[in-house]
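Q: One-letter residues, chain by chain:
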Amino acid sequence: MPYYIIVIGAVATLGIYSILYRENAVFRLFEHIFIGLGAGYGFYFTITSVLDPQWWTPMVKEGKWYWVVAMLVGAMFYLIYNRRLVWMSRLVMVALMGLFAGLTFKGFITAYVPWILASFKPIVLARKPYIHITNLLSFVTLISVMSYFFFSVEQRARVLRGSAQLGRWMAMVAFGAIFGSAVMGRMSLFIDRVAFLLFDFLRLAK
Amino acid sequence: MLQILHNAWPWICKAFQPVHGTRLLVYVCGTTAAWILLFWVLHLLPARQKRGLIVACTFLAGLFYSLEFFLPAKASWLPGGKNPLSDLVVPMGNAVSVVFAFTLALGLINLCLVHGRSLAQAKPGWHNSLAFFLALISMTVFGLWQSYVKDGPQRTLFGLSGASVHRVDDVLFSGLFQPLGATMFSILAFYIASAAFRAFRVRTAEAAFMMAAAFVVMLGQVPVGYWLTHWLPMPEHNPLGYLRFEVLANWILNNWSMAAIRAIEFGIAVGALAMALRIWLSLERGSFFEVREGPR
Amino acid sequence: MTPEAPPAQDTRDARARYTIFAVLWVTVLATLLWRPATTLAPSPPTRSLYDAIEAIPREKLVIISASWDVGTRGENGPQTAAIIEHLFRTGHKFAIFGWVAPPGPLLVEMIARDLARKYHKRYGVDWVNWGFKTGTDAMIMGLAKNIPAIIRQDMHGTPITKLPAMKGVKDHRDVGMVIEITGSGTLLSWIQFWQGVYGTNIGYCPTGVMVPDAFPFLDAKQIRGLLKGLAGAAEYENLLRTHGDASVRMTAQSASHLVIILLIILGNIAFFRRGKRQA
Numbered sequence: 001m002p003y004y005i006i007v008i009g010a011v012a013t014l015g016i017y018s019i020l021y022r023e024n025a026v027f028r029l030f031e032h033i034f035i036g037l038g039a040g041y042g043f044y045f046t047i048t049s050v051l052d053p054q055w056w057t058p059m060v061k062e063g064k065w066y067w068v069v070a071m072l073v074g075a076m077f078y079l080i081y082n083r084r085l086v087w088m089s090r091l092v093m094v095a096l097m098g099l100f101a102g103l104t105f106k107g108f109i110t111a112y113v114p115w116i117l118a119s120f121k122p123i124v125l126a127r128k129p130y131i132h133i134t135n136l137l138s139f140v141t142l143i144s145v146m147s148y149f150f151f152s153v154e155q156r157a158r159v160l161r162g163s164a165q166l167g168r169w170m171a172m173v174a175f176g177a178i179f180g181s182a183v184m185g186r187m188s189l190f191i192d193r194v195a196f197l198l199f200d201f202l203r204l205a206k
Numbered sequence: 001m002l003q004i005l006h007n008a009w010p011w012i013c014k015a016f017q018p019v020h021g022t023r024l025l026v027y028v029c030g031t032t033a034a035w036i037l038l039f040w041v042l043h044l045l046p047a048r049q050k051r052g053l054i055v056a057c058t059f060l061a062g063l064f065y066s067l068e069f070f071l072p073a074k075a076s077w078l079p080g081g082k083n084p085l086s087d088l089v090v091p092m093g094n095a096v097s098v099v100f101a102f103t104l105a106l107g108l109i110n111l112c113l114v115h116g117r118s119l120a121q122a123k124p125g126w127h128n129s130l131a132f133f134l135a136l137i138s139m140t141v142f143g144l145w146q147s148y149v150k151d152g153p154q155r156t157l158f159g160l161s162g163a164s165v166h167r168v169d170d171v172l173f174s175g176l177f178q179p180l181g182a183t184m185f186s187i188l189a190f191y192i193a194s195a196a197f198r199a200f201r202v203r204t205a206e207a208a209f210m211m212a213a214a215f216v217v218m219l220g221q222v223p224v225g226y227w228l229t230h231w232l233p234m235p236e237h238n239p240l241g242y243l244r245f246e247v248l249a250n251w252i253l254n255n256w257s258m259a260a261i262r263a264i265e266f267g268i269a270v271g272a273l274a275m276a277l278r279i280w281l282s283l284e285r286g287s288f289f290e291v292r293e294g295p296r
Numbered sequence: 001m002t003p004e005a006p007p008a009q010d011t012r013d014a015r016a017r018y019t020i021f022a023v024l025w026v027t028v029l030a031t032l033l034w035r036p037a038t039t040l041a042p043s044p045p046t047r048s049l050y051d052a053i054e055a056i057p058r059e060k061l062v063i064i065s066a067s068w069d070v071g072t073r074g075e076n077g078p079q080t081a082a083i084i085e086h087l088f089r090t091g092h093k094f095a096i097f098g099w100v101a102p103p104g105p106l107l108v109e110m111i112a113r114d115l116a117r118k119y120h121k122r123y124g125v126d127w128v129n130w131g132f133k134t135g136t137d138a139m140i141m142g143l144a145k146n147i148p149a150i151i152r153q154d155m156h157g158t159p160i161t162k163l164p165a166m167k168g169v170k171d172h173r174d175v176g177m178v179i180e181i182t183g184s185g186t187l188l189s190w191i192q193f194w195q196g197v198y199g200t201n202i203g204y205c206p207t208g209v210m211v212p213d214a215f216p217f218l219d220a221k222q223i224r225g226l227l228k229g230l231a232g233a234a235e236y237e238n239l240l241r242t243h244g245d246a247s248v249r250m251t252a253q254s255a256s257h258l259v260i261i262l263l264i265i266l267g268n269i270a271f272f273r274r275g276k277r278q279a
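Protein chains in written order, with the numbering used here: chain F, 1 to 206; chain W, 1 to 296; chain H, 1 to 279.
There may be inaccurate statements among the hints.
[As the list claims (entries may be wrong)] Below, a list of computed lysine-lysine pairs in the DSBU-like style, where the Cα atoms sit at most 30 angstroms apart: (1) W:K74 <-> F:K106; (2) F:K64 <-> H:K170; (3) H:K167 <-> F:K61; (4) W:K74 <-> H:K60; (5) H:K170 <-> W:K82; (6) H:K121 <-> H:K145; (7) W:K82 <-> H:K145; (8) F:K64 <-> H:K167; (9) H:K162 <-> H:K121; (10) W:K14 <-> H:K145; (11) H:K145 <-> F:K106; (12) H:K221 <-> H:K145; (13) W:K82 <-> F:K106; (14) H:K60 <-> W:K82; (15) F:K61 <-> H:K162; (16) H:K221 <-> W:K74.
[Claimed, not checked] Now the stretches of chain W that chain F is said to cover, found in silico as 3 or more residues with beta-carbon under 8 angstroms: (17) 24-38; (18) 128-136; (19) 180-194; (20) 266-272.
[What the hints assert, rightly or not] Stretch-level coverage of chain W by chain F, calculated; a stretch enters the list once three of its residues show a Cβ under 8 angstroms from a Cβ in chain F: (21) 8-20; (22) 51-59; (23) 85-96; (24) 101-112; (25) 211-222.
I should point out that these hints are in silico values taken from the structure, not numbers from a laboratory.
In this text the structure is predicted, and so the values were computed from the model without any measurement.
Note that beta-carbon positions come from the ideal geometry of N, C-alpha and C, so glycine has one too.
Please work from the sequences and hints to get the whole structure.
A: As structure tokens, then:
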């Protein structure tokens with residue numbers, strides 16, 4: 001990559017990091033430039049990658065005239081800006097939501113039924129040690145956490161209340177794991193920027 | 001009914017044959033005019049019937065993928081002996097892709113309205129809105145030029161040759177867009193660090209339990225965790241090896257945390273299924289799903 | 001009229017904040033420059049992904065689903081580089097495909113081009129870029145049944161029927177594996193409409209935040225393997241016997257984790273001491 005592009009990138013990086021000191025005009029400027037670039041990129045890329053090859057070419061070059069309906073349906077979304085005709089935009093939006101709702105049944109069965117099957121693991125073993133501790137722990141965790149999030153009926157029974165209390169503790173491990181992984185993720189992004197400044201911009205040895 | 005549809009299918013297909021030239025223009029304009037006429041007529045309906053129309057369209061739309069899944073792939077009682085909806089999955093996927101692409105400008109219009117108003121009324125910070133528009137227009141123009149205009153000595157954009165246009169596009173994408181986006185997200189690291197000092201309070205035993213799990217997972221995935229417990233034997237040789245940070249972290253993620261997250265996700269999935277059913281059957285209430293009588 | 005001085009508490013908070021930021025900057029800068037040699041032994045999920053890629057039949061195409069944006073480049077970039085390097089070494093053809101974030105395919109192509117020069121691989125013959133398509137689940141479902149009908153041309157406008165790498169690729173049966181590299185929750189669509197229906201192998205390379213959510217899928221064998229963020233990429237580089245960006249950054253990653261742990265401990269000590277003093 002030419003060095004002047006790296007210099008521009010470094011200036012942009014440091015401009016964004018100026019927010020760490022306090023709110024300032026440089027950060028605001030770069031923030032707005034980023035939003036504009038992102039919007040522009042999404043706009044032109046959707047035209048070149050989707051609308052041109054999948055709509056314009058079939059309709060105009062291949063003569064498949066019925067593709068105009070896709071444009072008309074898409075155009076109806078913009079009627080949300082007109083108070084009189086807003087119901088038409090709701091028609092297409094809710095119809096699309098219904099379309100994807102129909103997909104949910106298939107999605108649920110193909111994605112989550114294997115989880116139900118995978119949850120049944122051997123706890124009692126034929127040979128020593130006679131109890132599989134890990135599988136037992138997984139099973140107890142699964143049941144207790146599910147009982148914690150069971151809000152359909154009031155949890156009056158002592159067994160259910162006890163199970164829910166245990167589920168709270170078990171869920172804490174998952175939340176801790178999520179937090180630990182989140183820290184790892186966020187730090188990686190910062191380290192990437194510092195590496196860019198050190199190795200690409202300042203050209204220090206890698 | 002299905003048999004009638006099956007018999008009429010070749011005639012329906014003939015009407016959808018590709019056309020070219022003036023015929024194409026007539027078909028496209030005719031379809032557009034028919035569409036506008038249809039919705040002009042539908043607009044005259046009272047609000048209750050409009051709602052009924054929305055309910056019917058939602059149900060039919062949802063029926064497509066539901067039936068495609070629930071009907072068998074092959075059965076003698078199906079038209080043609082196979083599920084007719086399976087052949088429509090690919091065109092439907094294409095059509096949805098194109099319809100989604102047409103909606104891309106919805107967010108863009110909102111952005112342009114907000115920043116346009118700021119610019120027109122010279123509100124404080126109007127220069128930021130100007131920067132937004134310059135960035136938007138330059139990225140769009142240079143990107144489209146690169147994609148559609150083939151390089152040549154006569155081809156220039158604002159006096160810039162093809163190679164220069166490519167350079168400007170590089171500056172916009174690699175010089176500005178990439179670093180800005182990456183840096184924006186990386187600021188979260190500082191907020192996590194600040195929150196770690198000021199907000200994460202271990203007030204209860206449960207919080208302590210959570211923090212312990214977090215510490216193990218944080219250390220178990222980086223070299224310092226390996227180094228801290230490298231003196232412990234491997235778990236295959238000695239059960240003490242399970243206390244090595246990397247082994248413990250993997251065990252927590254693979255078993256304990258996995259089971260808890262699975263339980264949470266089951267609940268979310270069942271909730272999503274119920275929500276999907278409610279949307280499909282139009283049982284949802286709220287201003288978004290209802291049509292009120294408004295000005296004509 | 002002289003401006004009022006900020007309250008003492010605000011000044012203390014600001015000072016604490018700047019100190020924390022400075023400590024983080026200095027730690028990461030120092031450890032990126034100092035960098036004692038570290039290795040990261042591959043964890044089972046990483047090794048599973050490596051073995052799964054090795055086991056893909058040579059004639060099958062691999063789809064790299066580039067569902068990441070510039071914001072998660074720090075993690076997904078090294079993951080992508082490691083995966084593509086492995087695919088170039090094994091000689092598997094692959095197709096880059098984006099359907100969530102528009103910049104994804106271009107970002108992955110930039111990485112692929114650099115590595116293609118190193119391994120003398122040719123675009124169109126050894127790898128292709130399908131570009132970006134909208135449509136989410138409906139499009140993914142259609143893609144499984146007929147790839148050329150959904151992907152009519154590559155990112156550069158060439159009809160895919162003209163690309164040698166796409167010869168004979170019609171549907172899910174010609175795909176050996178889908179490797180989802182993502183900064184958002186996009187795995188479910190592949191599981192629901194490819195793996196769950198046709199049994200297609202799925203590999204998963206998420207950012208650190210989404211790693212715990214991936215383990216239920218790994219346990220149910222819905223994904224063949226998993227790279228756990230940047231650490232996973234470093235482990236993969238270890239398996240490939242290379243020393244890429246991920247390996248270079250692991251010392252800094254370690255140090256930053258220690259800083260966070262220290263901050264949590266110090267913050268709680270300060271909190272409890274303040275509580276005792278007030279009592």
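Q: Taking the hints in turn, state whether each one holds.
A: Against the structure, the hints come out as follows:
no. : hint              : result
1   : W:K74 <-> F:K106  : 18 angstroms, holds
2   : F:K64 <-> H:K170  : 22 angstroms, holds
3   : H:K167 <-> F:K61  : 24 angstroms, holds
4   : W:K74 <-> H:K60   : 28 angstroms, holds
5   : H:K170 <-> W:K82  : 21 angstroms, holds
6   : H:K121 <-> H:K145 : 29 angstroms, holds
7   : W:K82 <-> H:K145  : 15 angstroms, holds
8   : F:K64 <-> H:K167  : 26 angstroms, holds
9   : H:K162 <-> H:K121 : 18 angstroms, holds
10  : W:K14 <-> H:K145  : 24 angstroms, holds
11  : H:K145 <-> F:K106 : 16 angstroms, holds
12  : H:K221 <-> H:K145 : 23 angstroms, holds
13  : W:K82 <-> F:K106  : 19 angstroms, holds
14  : H:K60 <-> W:K82   : 29 angstroms, holds
15  : F:K61 <-> H:K162  : 18 angstroms, holds
16  : H:K221 <-> W:K74  : 29 angstroms, holds
17  : 24-38             : holds (count 6)
18  : 128-136           : holds (count 8)
19  : 180-194           : holds (count 12)
20  : 266-272           : holds (count 4)
21  : 8-20              : holds (count 4)
22  : 51-59             : holds (count 5)
23  : 85-96             : holds (count 3)
24  : 101-112           : holds (count 10)
25  : 211-222           : holds (count 10)
In terms of the numbered hints stated before, the structure departs from none.
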